[in-house]
Amino acid sequence: MQALRISPGLLPPECETLRAQVREFLAEAMAGVPVARRVRNWSGSNPEFSRRMAERGWIGMTWPKRYGGHERSSLERYVVLEEMLAAGAPVGAHWVADRQSGPLLMRFSPEVLAPRLVPKIVRGEAFFCIGMSEPDSGSDLASIRTRAVRTADGWAINGRKVWTSRAHQAHYMIVLVRTGERGENRHSGLSQLLLPMDTPGITVRPIVNQLNQHDFNEVTFDDVLVPHDHLIGHEGEGWQQVGAELAFERSGPERYLSSTQLLLEMLDAADAGDPRHVEALGRVVAHYATLRQMSLGVAAMLARGENPMLGAALVKDQGALVEQAMPDLAHALFGGTVAPGSALEHAMHYTTLAAPSFSLRGGTREILRGIIAKGLDLR
Amino acid sequence: MSGGEHDALIEHSVQRLFADQVDKGVRERAEAGVLDHRLWRLCVDGGLTRALASEATGGIAASWSAAQPILHGLGYWQVPLPLAETMAGALLLSMAGLPGVEGPIALIEQGVGNDLQAAGAGAAVKLTGTVPHVAWARHADSAVVSLSEGRLALVELRARGVSCAERLDVARLPSDTLHFDNAACVALAALPASLRQPVWTLGALARSLMMVGALESALEQAVRYANERVQFGKPIGKNQALQQQLALMAGDVAAARMAALVAASDAPDSTAADAPAATFSIAVAKVRCGEAATRACGIAHQVHGAIGFTREHPLHFATRRLWAWREQFGSDAFWAARLGALAIAGGSRRFWPSLTRRRFDAAS
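Top to bottom, those sequences are chains A and B.
Start counting the first sequence at 295; every next residue gets the next number (my numbering).
Start counting the second sequence at -7; every next residue gets the next number (my numbering).
Derived by calculation from the structure, the hints in this document are not laboratory data.
A few of these clues could be false.
[What the hints assert, rightly or not] List of simulated lysine-lysine pairs, DSS-like, C-alpha gap at most 27 Å: (1) A:K668 with B:K230; (2) A:K359 with A:K414; (3) A:K668 with B:K226.
Everything numeric in this text was worked out from a predicted model, so none of it was measured.
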């Protein structure tokens, strides 16, 4: 039971000063941005916006100055993130790099790759995508078949990755590959490589989703060659390194805020005299407040150097439930009565179509609950 | 004594007292209508009843966060005593500058779920009306009444003009109806706090913290059972279907706990009457804990199978309390409606700033 407890995180006063600065920035940067764009939330990609954030020092906020980072606290970073997400700001281009790629490079290639790439991430000039899933390897990530063979000229990569968000806009991919045999331990023989996306032999093919939007891609590798020093960390330790990366991926406030623009439209459209509206939206407020505190608590755990894996899994599972309940609530309260072309209609349509992905991306609900069950000593 | 030392002392007292002294027999006798006076005396002598009250009135001026182990323990060990009500009542009396009282205290919020009328002014206020669902009223010597005009009143329940009809909640614990007929108030005073409906709000906080204890007990019992019960050659906890349900329950329990802890830290106490985030955070906690209780009881019973449905098995002590407490001092629907009305009034523009401040004001 102890392992499941998340302590409340407390934001110090300097965080509120920063919050005011971010709100001022957003009031200007997001003025007039229509719901059609805001509703994409952190899936929305805008390199110019990313560069503006970089100029304010809001990418790589907690990273060491030796890499160009700003050495601010995790809680300050948390405040910037939650303000961006609540406003529906288009933070997608640099999101992966800031959340996990940079930290991974600093942790596992501090002397070789981090010095080259992290400063560029901080400046908003290097965007990353995640090369993990394959057509035959989703939740069962250890079964991947993309191979990298050590040759005289470098690592030769062959295979394919799928569901790669924004691969068509990324400068780099961090790709999980098989470099050795899978022995008795099915997690052995995996490694991570840094892959510049302009390397010859890479083909990026769009996968259009049910929103008719191009976010996902299939990426194939035909004898793609990268230098030896593009190995991140140690050969054969890819599984452990991926584990660390996934903990970062699961732990942020984006895991409950994805449906916020729809909530905002519902609040404006709601009938204060209708008890169904009043009660249902009040419940959503209670869930938002609680999830915010849970997410903040996990951020504080990260700041203290604790392992947030269990807490992050709990928060992500609970968060996805709230995100997915939102379009169904909109249907219950407003279904069939929305004004055509209205902001509410747009938010409802978008979020309804996007909702299935909330419990699939970054670890499916079933996998997360398996992790939680293990934490309960059931496995 | 420092704050930290107080906290550790409280937790230790609770652990020793409840774990050692509260057993199935105690719980069953309570449901037969008996107040365990010996156990009550131990709580009084252990300083638990006055933990929140000011030092001037014999308390240790503990914060709700420091006193949280007591309330958690009432749920975790299913302790059948009017302790939460007495703690909140003692706090309110000390905040109003009134002296403490002996014996258990019942809590009443005028106008919320009752037709209580206050006639007269100044010190000569008399109460008339019917107040249902007053927890432990039959065992209480006094009631702390929060009047809609703003003052706090103290009423002696054994005095003239007060009668008690004994009723039970779904946990078979006392939840009596009090009839007032021109009953006198022995004391009246203003509260320094700006907390609206203070009895109802602090009662909701207490119930939230108690529910977290009961939720953790139910979860632990369910996990233990899943690991011990063997069917088809393996513990039933090895089945993914059960693992998924227990993981879902664990998420609800973690959320309820967080909401209740934040509410405790935002609540007013004897040293800090001004608590701008209290109403919001307590409403959030009561909603979240109520929803968690509803889902968790279902899952806990499902995992336990038939044995968990028996009187003999202890699970029902936790789940019946969860079912009772989710509707006391305002159900989750009641508090959700409060939050919803404020959120709709503020609209999209005020939502996020209000959420981050933990304050949705009626006037923006």
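Distance restraint between K668 (chain A) and K230 (chain B), which requires alpha-carbon spacing of 27 Å or less: Satisfied, since the Cα-Cα distance of roughly 10 Å is no more than 27 Å.
Distance restraint between K668 (chain A) and K226 (chain B), which requires alpha-carbon spacing of 27 Å or less: Roughly 16 Å separates the two Cα atoms, so the pair holds.
Distance restraint between K359 (chain A) and K414 (chain A), which requires alpha-carbon spacing of 27 Å or less: Given pair K359 (chain A), K414 (chain A) holds - Cα atoms ~13 Å apart, limit 27 Å.
Hint compliance for this structure: every hint is met.
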